[in-house]
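Residue numbers (this note's numbering), protein chains in the order written: chain U, 1 to 78; chain F, 1 to 277.
Quick caveat, the hints were computed from the structure, so don't treat them as lab data. Note that the structure is a prediction, hence the values are computed from the model and not measured. For every residue, glycine included, the Cβ atom is placed at its ideal position computed from N, Cα and C.
Which residues of chain F face chain U? A few of them, derived with a C-beta cut under 7 Å, are:
1. 34
2. 111
3. 112
4. 115
5. 116
20 Å max Cα-Cα, derived SDA-like pairs, lysine to any residue:
6. 65/U / 120/F
7. 16/F / 70/F
8. 65/U / 207/F
9. 209/F / 67/U
10. 29/F / 57/U
11. 24/U / 37/U
12. 142/F / 56/F
13. 29/F / 50/U
14. 29/F / 27/U
15. 24/U / 29/F
16. 65/U / 204/F
17. 29/F / 22/U
18. 65/U / 117/F
19. 200/F / 68/U
20. 200/F / 7/U
21. 65/F / 75/F
22. 24/U / 28/F
23. 65/U / 205/F
24. 29/F / 51/U
25. 24/U / 34/F
26. 25/U / 29/F
27. 103/F / 39/F
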Amino acid sequence: MKTIDLRRLAEEEDCTSSALELFKKRLSEIARGERFLMIVSNADSWFALRNMGGELGYRVIRYWKEGSRDFRIEAVRE
Amino acid sequence: MEKVIQPEELKEILGKEGVKVVEVDYDPKTAYELGHIPGAILIDWKRDLNKYPERDIISPEEFEKLMSRLGISNDDHVILYGDYNNWFAAFAFWIFEMYGHEKLSILNGGRNKWIELGYPMTRERPEVKPTTYRVSKVDLTKRAYFLDVMKRLRDPDTVLVDVRSPAEYRGEITAPPEYPNEQAQRAGHIPGAVNIPWAKAVNDDGTFKDVDEIRKLYEELGVKPDKEVIVYCRIGERAAFTYFVLRHLLGFPKVRVYDGSWSEWGNMVGAPIEKEV
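One chain only, chain F, in its complex shape (with noise of 0.2 Å):
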């Protein structure tokens, strides 16, 4: 099963059995809502896979009964794509990765380059049966918590990652003012961190670029595949985008998303930083 799907192979199989597209949006009212792809079922980040007021993915449990309510069963190839450069479909093929589903794949691209190309869009949602969906493992390896971090810093075999923006990397700047709730006590980056932001792998219309060319960008860095790689972002959605990058594109074997990102280690009491203004 490809992991990565392109929007003219989607197009044929689209309303065929055993195919569940689903669309992941950060804000579906202005995605989702105003078109989707034909018989695309939603998921709404904040409301369906986060868990308030922890701040927490949703646990096994949840997952089943999301799927279940959703209609999706064990056995679909599920494709994912969704709203900001599919961040956040990425999210949810981590979770979905961590909680055993196998056929799954993101849209290549996601919403933009399906609209870019024309492709046909509607705001009819589509009727769903509900399944049984039972999560079969569960596998966490794939989650870095603060302390994981912490015990790796400076550890020679560990390389961690920032994908944020250059200028959140450098300390200039928290978080963009328009996302008061992402803010944190401090500016800067993790210790030993290397910045390669999220979208220095994908091309001007969202598509992943060529695979050889994401490896030398990384490489360069001291990305290796023989590396454990810890990556993170502000949230954790742009670092599961690259999350899957490295571990689908590139083939990584051993890949973490710190999803409590800058929003816990910018925060935390006595979380070393390191800034550069």
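Same shape as in the complex, but just chain U (with noise of 0.2 Å):
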């Protein structure tokens, strides 16, 4: 499964704004229908992409986290 891995930009710019262009672009290279999982380092940025499928894109199937700085989304391209 093709992963959206945001976690290492966050770290170096301390930044959402700058993570969440580079998610868009990411976001465009994943076809229609295809799973793929989401990675971001904080709860905040986790909640937003949560809630941003309808308008960017996105089904969320299933989220979780996977530790203290490892938040993931599972989603569907539509």
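Two chains, two frames, some hints: make the complex.
Here's what the structure looks like:
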């Protein structure tokens, strides 16, 4: 399954908005109907991505916390 | 009044008379508008706290109008929190403090911790009854301007703290490419400044580290309470976060935010810089 891992960028630049731009670029590389995994380093970004699927073009299947800086969402591209 | 309020404490007093919860966001579209603490009102950092095109913080009169519009009274206990690990909430805190609002706290961990704890969020905007807010005193000693910093270069009683990333401090980059509005002509740091990134004061979940641990971190690098401390970053918001840490967690008496920060210093003709690359 393709993975969009935004943790490293967030650590380097402290910023979710730059991460969001990168995320949109990576999302555009995923085909419609394909399942993919998103990984972010904080709960705030996790919450945002869980709630932006309608706007950005994906449907959330499940989400969970893997570790203190590892928050995941599995989704399907629409 | 505790300057730091824990999420579980806030949960208990939500909706109480005289308590106003305010979310301060850099990017409300990816934060407040997707969900916020029930009853929280929004301050949009760019729109509400800054003056354009001047590049300045709002005046006391504009602050009065903002508070009145948001339904905040002078006696309200205002609890600030927000996106980006509370950076912009801390910037708001700094302005509230300069304009004399006394009952003021920051939510430990901001949006991040509240969400991680699974506490309630809503998209519903609270009903606001406008007030007549009055600024009774203004204390700008918490703010440093360019010339204040210039005068204190190499002053043994002053310590400059650069809270940006090490790459910015060393002069490898001026600002990340994603921030075209925050670029500078030159890279590096203000001569004599020590580099203590803002994040050194927080845990993985965004809550503040133990006070003794934070004190040790700063004092080992010469940032001590007998000094006048001037904090800067790129546009002032991370500096305001560290201002809060130094002033209110460690109790340093003389701390100022240089909100012009690197986006001013790095572009200013004749301002000396140091760089390591």
